[in-house]
Amino acid sequence: MSRGQAVAARPPGPTGETHRVSLLRGMTAIRLFEERCVELYSAGMIRGFLHVAIGEEAVAVGVMQPLTDDDSIVSTYREHGHAIARGVPMESVMAEMYGKVTGCSRGRGGSMHLFDVGRRFYGGNAIVGGGLPLAVGLALADKMQGRPGVTVCFFGDGAYAEGEFHECVNLAALWQLPVLFACENNLYAMGTALHRAQAETDLALRAASYGLTSWPVDGMDVLAVEKASRRAVDRIRNGGGPCFLELRTYRFRAHSMYDPDRYRDKAEIARWRERDPIDLLVRQLREDGKLLGEDLDAMTAEVTAEIDLAVASAEAAPLEPVEDLTRFVYSETKVQ
Amino acid sequence: MSRGQAVAARPPGPTGETHRVSLLRGMTAIRLFEERCVELYSAGMIRGFLHVAIGEEAVAVGVMQPLTDDDSIVSTYREHGHAIARGVPMESVMAEMYGKVTGCSRGRGGSMHLFDVGRRFYGGNAIVGGGLPLAVGLALADKMQGRPGVTVCFFGDGAYAEGEFHECVNLAALWQLPVLFACENNLYAMGTALHRAQAETDLALRAASYGLTSWPVDGMDVLAVEKASRRAVDRIRNGGGPCFLELRTYRFRAHSMYDPDRYRDKAEIARWRERDPIDLLVRQLREDGKLLGEDLDAMTAEVTAEIDLAVASAEAAPLEPVEDLTRFVYSETKVQ
Amino acid sequence: MTTATVGTVETTYREALREAIREALREDDRVFLMGEDVGMYGGCFAVSLGLLEEFGPERVRDTPLSESGFVGAGVGAAIAGMRPIVEIMTVNFSLLALDQILNNAATLLHMSGGQVHVPLVIRMTTGAGRQLAAQHSHSFEGWYAHIPGIKVIAPATLEDARGMLWTALQDPDPVLLFEHGSLYNMSGTLAEDAGHVDIQRTAVRRPGRDVTLVSYGGSLSKTLDAAETLAVDGIEAEVLDLRSLRPLDDEAIMESVSHTHRAVVVDEGWRSGSLSAEISARITEQCFFDLDSPVERVCSAEVPMPYAKHLEEAALPQPETVVAAVRRAVG
Amino acid sequence: MTTATVGTVETTYREALREAIREALREDDRVFLMGEDVGMYGGCFAVSLGLLEEFGPERVRDTPLSESGFVGAGVGAAIAGMRPIVEIMTVNFSLLALDQILNNAATLLHMSGGQVHVPLVIRMTTGAGRQLAAQHSHSFEGWYAHIPGIKVIAPATLEDARGMLWTALQDPDPVLLFEHGSLYNMSGTLAEDAGHVDIQRTAVRRPGRDVTLVSYGGSLSKTLDAAETLAVDGIEAEVLDLRSLRPLDDEAIMESVSHTHRAVVVDEGWRSGSLSAEISARITEQCFFDLDSPVERVCSAEVPMPYAKHLEEAALPQPETVVAAVRRAVG
Ligand SMILES: Cc1ncc(C[n+]2csc(CCOP(=O)(O)OP(=O)(O)O)c2C)c(N)n1
Ligand SMILES: Cc1ncc(C[n+]2csc(CCOP(=O)(O)OP(=O)(O)O)c2C)c(N)n1
Ligand SMILES: [Mg+2]
Ligand SMILES: [Mg+2]
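Chains as they are written, first to last, in our numbering: chain A, 4 to 339; chain B, 4 to 339; chain C, 8 to 338; chain D, 8 to 338.
None of these hints come from the bench; they were simulated from the model.
All of these numbers come straight from a predicted model, not from anything done at the bench.
For each residue, glycine too, the CB sits at the ideal point set by N, CA and C.
It is possible that part of the hints are untrue.
[To be verified] Not everything, but these chain A residues come out facing chain C in the computed CB check (under 10 Å):
{"hint": "1", "residue": "Arg109"}
{"hint": "2", "residue": "Gly166"}
{"hint": "3", "residue": "Val325"}
[Stated by the list, open to error] Here are the simulated DSBU-like pairs of lysine-lysine, each with C-alpha atoms no more than 35 Å apart in a straight line:
{"hint": "4", "chain 1": "A", "residue 1": "Lys269", "chain 2": "A", "residue 2": "Lys230"}
{"hint": "5", "chain 1": "C", "residue 1": "Lys316", "chain 2": "A", "residue 2": "Lys337"}
{"hint": "6", "chain 1": "B", "residue 1": "Lys337", "chain 2": "D", "residue 2": "Lys316"}
{"hint": "7", "chain 1": "A", "residue 1": "Lys269", "chain 2": "A", "residue 2": "Lys293"}
{"hint": "8", "chain 1": "B", "residue 1": "Lys269", "chain 2": "B", "residue 2": "Lys146"}
{"hint": "9", "chain 1": "A", "residue 1": "Lys146", "chain 2": "A", "residue 2": "Lys230"}
[As the list claims (entries may be wrong)] Stretch by stretch, here's where chain D covers chain B in the computed footprint (C-beta under 8 Å, at least three residues):
{"hint": "10", "segment": "49–61"}
{"hint": "11", "segment": "129–140"}
{"hint": "12", "segment": "164–173"}
{"hint": "13", "segment": "195–208"}
{"hint": "14", "segment": "320–330"}
Required output: the full structure, derived from the provided sequences and hints.
Right under this line is the structure:
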């Protein structure tokens with residue numbers, strides 16, 4: 004999907020207008036896409052578990068900015084935004100959720116397991132913390148092979164409590180591996196508030212104790228996220244060792260479509276909604292007179308058309324033949 | 004074994020002469036016991052893995068000082084000293100290593116799995132880090148049942164890298180559990196030096212980042228260890244939450260009887276031997292004129308006699324009948 | 008307690024489990040429930056909904072995402088006199104705690120020469136059928152049934168959902184209780200005074216003379232459906248509900264096979280090395296000369312569970328595949 | 008490569024494994040060895056002794072005690088083009104990494120619709136016999152053989168210790184290689200040019216007509232000893248060495264059983280749910296009408312392995328218990 008890629012491939016540099024607009028477009032695309040997913044879930048077109056990141060779009064779009072085709076991404080089950088921001092076509096993401104063979108994982112993965120190896124998007128991991136060791140290994144391979152790649156690993160505040168986090172941050176720091184630990188701190192792990200899961204809730208501070216560079220970022224400000232990500236990625240690429248970013252964000256909706264969201268105070272949600280990353284950027288662009296109402300409508304229309312297309316093609320797409328059930332348990336050819 | 008218990012049960016208070024002498028006796032007992040174990044291993048009387056803590060006696064004896072019968076201990080596979088300092092009779096420890104039914108684990112555990120529930124000595128765990136969750140649970144039970152107990156968990160610098168360490172320190176800090184994390188930092192995990200396993204080698208500093216009280220201690224100075232342990236245990240018992248002690252020590256011998264010790268520089272070992280915890284205390288007592296040559300000889304003779312007795316009774320003891328092989332897989336009676 | 012039936016109540020598998028936990032918390036103050044989101048969230052499958060409000064955060068204890076840590080903490084608490092009920096959201100995540108379950112919970116009693124008892128209950132959701140894909144859909148209860156030192160049970164009915172937990176809590180050793188995710192919404196009636204049940208014996212859920220169908224947990228209803236279909240053609244299948252996966256109730260299984268002379272084992276686990284293999288091997292060992300045909304197995308295809316509905320259905324045992332296996336056996 | 012035999016060399020199982028690793032490191036610069044104490048220490052069982060000096064710390068990489076972390080790192084490195092050989096000291100500790108092995112290594116290819124290949128080799132020591140007690144003595148290779156997406160091999164001979172690794176490294180999917188701890192000191196002669204061997208086929212280690220003895224790894228020598236004893240009484244046992252535990256070479260097993268009409272499976276795993284159960288079930292399924300007696304199993308007693316020598320010996324399969332099982336089968 005050209006646009007998605009455009010966002011992913013945009014060269015570093017000053018956050019000029021067109022760039023800010025493209026960031027807005029990237030976040031808007033994710034927002035509208037996920038809102039459509041919610042509708043389609045209620046309509047029974049998407050099944051299984053569905054986790055949307057509505058409210059967290061600035062993290063996905065901002066972190067992706069400095070990445071190149073050499074870089075790798077490891078994500079979670081809440082990864083639609085990461086995938087789209089990386090340039091995975093909406094069609095293949097939507098088809099995946101429809102369980103169609105045209106899906107980015109041939110319909111075998113679903114919402115939680117989006118993969119696109121061509122774009123070095125290594126999934127979609129639904130074991131909390133399970134992607135961290137993979138990221139360490141991807142980075143180890145890049146380092147041993149002398150490739151310039153940086154591996155970005157997205158994970159949540161909940162994953163921070165898993166033993167694998169401890170093991171992996173130490174491994175990356177010990178071996179000075181090119182890993183960017185992108186911790187999406189949305190203050191909740193399902194229904195468990197951070198302060199009920201961690202004795203010390205300053206995640207960036209604690210991460211620093213492992214001997215890597217670490218700092219917190221306003222995850223609702225896409226420009227701040229981009230700036231932090233660029234600084235971290237440059238540092239890592241130049242051999243500075245791994246970095247940890249605590250991206251302070253919030254999910255506006257429930258954990259999953261099954262979650263009645265009993266554990267959050269409505270006022271808290273409302274407060275965070277005032278910091279909607281899309282509204283923030285729109286307001287800013289408006290104030291600078293760089294965005295007119297019609298521009299926004301045009302963008303929305305364009306993105307909506309794209310999503311309609313993705314849905315239409317997903318609906319039209321075929322299913323994997325049942326006879327092929329046992330394919331891909333083992334490789335069909337040697338790998339080079 | 005009265006003496007061992009005496010050490011364990013000794014009431015808090017100023018480190019008077021008799022007390023210092025009893026500390027010396029405690030360390031000497033462990034030292035001579037383990038030296039005998041090494042001989043017996045070479046003689047083929049003890050089998051399996053044997054890990055001695057020669058050089059680390061000040062940790063075992065010092066940490067135990069403030070503990071009462073209410074307190075619990077969780078240990079590792081390098082636990083002879085912990086067991087003896089807790090008052091587990093030498094006879095039952097030696098019989099265990101002989102695989103006899105009179106052993107503290109009926110010969111089913113061996114050197115790595117010494118247990119004595121009567122003394123709340125919960126083993127002898129040979130999965131590195133595997134005892135940490137047990138300690139958290141023992142402490143949780145004490146807290147929920149309103150008991151005064153403190154749980155001491157011994158583990159090494161190597162265990163610090165395991166995910167379970169991360170999970171358990173956080174749980175203890177989060178729930179303010181009465182746990183003393185006694186980290187025996189002897190600078191090596193088998194052949195892996197601490198600086199080759201941890202990006203940040205200041206273990207006490209890093210532990211503090213979890214939100215508990217933590218400090219390093221000279222693990223070769225039994226009085227310093229006792230002082231630190233007493234401060235920590237008092238704090239914990241008075242509801243101050245968990246503490247972490249980094250006990251800086253060194254094992255004078257190889258990791259196990261199988262280890263050719265290729266990875267340590269002989270000079271380094273020699274340097275540490277100059278800080279032998281037993282010699283240090285002897286010198287001090289001598290300087291204070293509190294210990295005469297004959298006292299020491301008498302103590303050695305006494306302890307040696309005790310060990311001879313333990314060996315003799317282990318040799319004489321019967322084996323568990325083979326017909327009883329499958330006992331203790333499931334409980335034979337309900338537990339109250 | 009299950010004998011006298013005064014009135015009956017409409018309930019679900021989920022509610023029956025909740026009632027069992029509530030009863031345990033009420034009757035024994037050593038009991039507490041610990042796991043991820045058992046409290047504020049109400050339980051990831053709403054089993055423990057409302058218990059936090061009733062019993063407070065000490066006894067309905069939310070944990071961080073630290074499976075190895077809190078499962079091991081349950082082991083330690085059990086050793087020190089508590090009666091923990093530890094919930095692991097799904098069996099798939101329990102692999103993170105397997106070291107604590109096997110190397111500690113199952114092993115401490117023997118390794119200590121009989122000193123360290125671990126009266127612990129661990130509850131987990133297992134199984135597929137909800138398009139949750141390859142990291143949320145597997146069935147490892149058969150794997151756990153390989154471990155000496157623990158017991159493994161799987162309630163397939165409302166009575167067992169209501170009655171097994173208390174009995175498990177009275178057991179001096181670790182008991183793993185597996186709840187199939189597709190059963191939570193199963194509804195029906197339960198005796199008002201429904202209570203404790205044994206967790207030792209396999210139950211005959213449908214008597215029959217022609218073939219023995221061995222199943223448990225989420226596969227029971229599919230197996231009963233198959234039996235209905237077969238009955239239409241005059242094949243009377245006897246359907247067993249294992250209930251206990253470790254120990255297995257050999258006596259009940261062999262008793263049935265010795266009069267039907269044929270057996271089909273239905274097991275949602277991957278075929279190779281599944282519990283069905285052990286059951287097949289035991290039937291052959293103990294009933295070889297009674298068998299008219301080899302024991303058949305209906306298991307899951309050996310694939311990580313796919314998301315797409317049609318593929319997931321094809322991967323799982325279904326009434327049709329059970330029927331087909333029976334026809335092979337009797338054919 | 009194993010055809011032409013120029014000269015032979017005296018070697019041990021340990022040295023053969025080391026040679027195999029050395030060859031892999033020399034021939035393919037994508038290969039590296041990673042694990043606890045593989046370098047400075049020389050390998051906890053001295054398998055990798057000297058390799059650090061020869062290949063340096065990048066390619067003979069010591070890790071911290073972080074099984075889940077470094078095994079998962081091996082998965083990631085394999086995905087990104089390396090050919091990691093990850094060593095887990097013993098299978099007992101591998102439970103800490105099982106989540107990475109099952110939920111990632113075995114699952115990624117399928118979950119990604121065929122995109123993510125994991126050409127990873129994991130080596131582990133398994134088995135009992137050295138009085139290492141309940142946390143260092145178990146045999147879980149049969150458990151691993153339950154997992155779709157991985158292959159499981161167990162060299163029992165010097166040839167296989169020398170030849171299996173390279174073949175495993177050529178495999179596009181994860182291969183787990185199990186080394187029985189009691190074999191490291193096994194010595195004998197090996198062809199100077201001994202090299203790669205297939206890892207698909209089960210081997211007949213001793214031909215016979217009266218009964219098929221199925222074994223592998225550390226149990227092979229005990230099984231061969233039993234066969235010798237039986238031969239004295241004129242019972243000619245055919246001894247199979249499985250070599251590959253997943254996939255199983257059904258063809259070879261059934262071929263043997265179909266002419267011996269009797270089978271005994273020898274497996275060091277705990278009996279219930281062991282690999283022996285799967286083999287027994289398959290033999291019954293595929294050779295039922297060829298069988299003169301039920302398949303017998305000789306496994307470990309279902310206890311956490313005790314330390315005391317006499318108890319450990321009683322818990323393990325022994326030549327005598329194999330002989331007794333054969334007598335039951337032929338009797
Ligand atoms: C190992 C494991 N434990 C539990 C779960 C169930 N679960 C799925 S998401 C989740 C919360 C994770 O929270 P966080 O890491 O903060 O990510 P977020 O959902 O907030 O984006 C839990 C408990 C799981 N998938 N894996
Ligand atoms: C989980 C696990 N991994 C590996 C081992 C093998 N092993 C036994 S002791 C040891 C080193 C532990 O070092 P440390 O924690 O510092 O304790 P120390 O031996 O120095 O007292 C290792 C790697 C084990 N027993 N358990
Ligand atoms: Mg979160
Ligand atoms: Mg150490």
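How the hints compare with the structure:
1. At a threshold of 10 Å, the smallest CB-CB gap from Arg109/A to chain C is about 8 Å, leaving the interface hint in force.
2. Annotation: interface hint on Gly166/A holds; nearest CB of chain C at approximately 6 Å, less than 10 Å.
3. Checking Val325/A against chain C: minimum C-beta separation of about 5 Å stays under 10 Å; hint holds.
4. Straight-line distance between C-alpha atoms of Lys269/A and Lys230/A comes to about 31 Å, which keeps the hinted pair within the 35 Å bound.
5. The suggested pairing of Lys316/C with Lys337/A holds, with an alpha-carbon distance near 30 Å, which does not exceed 35 Å.
6. Of the supplied pair hints, the one linking Lys337/B and Lys316/D holds, its CA atoms being roughly 30 Å apart against a limit of 35 Å.
7. With a C-alpha separation of about 34 Å, the suggested pairing of Lys269/A with Lys293/A holds against the 35 Å cut-off.
8. The hinted pair formed by Lys269/B and Lys146/B fails the criterion: a straight-line CA distance of about 46 Å is larger than 35 Å.
9. At most 35 Å may separate the alpha-carbon atoms for a hinted pair to count; Lys146/A and Lys230/A meet this at roughly 24 Å.
10. With 3 residues carrying a beta carbon less than 8 Å from a beta carbon of chain D, the segment 49–61 of chain B meets the three-residue requirement, and the given coverage holds.
11. For the segment 129–140 of chain B, the assignment as covered by chain D holds, since 5 residues bring a beta-carbon within under 8 Å of that chain's beta-carbons and 3 suffice.
12. With 3 residues bearing a CB less than 8 Å from a CB of chain D, the segment 164–173 of chain B meets the requirement of three and the coverage assertion stands.
13. Counting residues of the segment 195–208 of chain B whose beta carbon lies closer than 8 Å to any beta carbon of chain D gives 5, which reaches the threshold of three, so the coverage claim holds.
14. Figure legend: the segment 320–330 of chain B, annotated as covered by chain D; annotation consistent (5 residues with Cβ-Cβ distances under 8 Å, at least 3 required).
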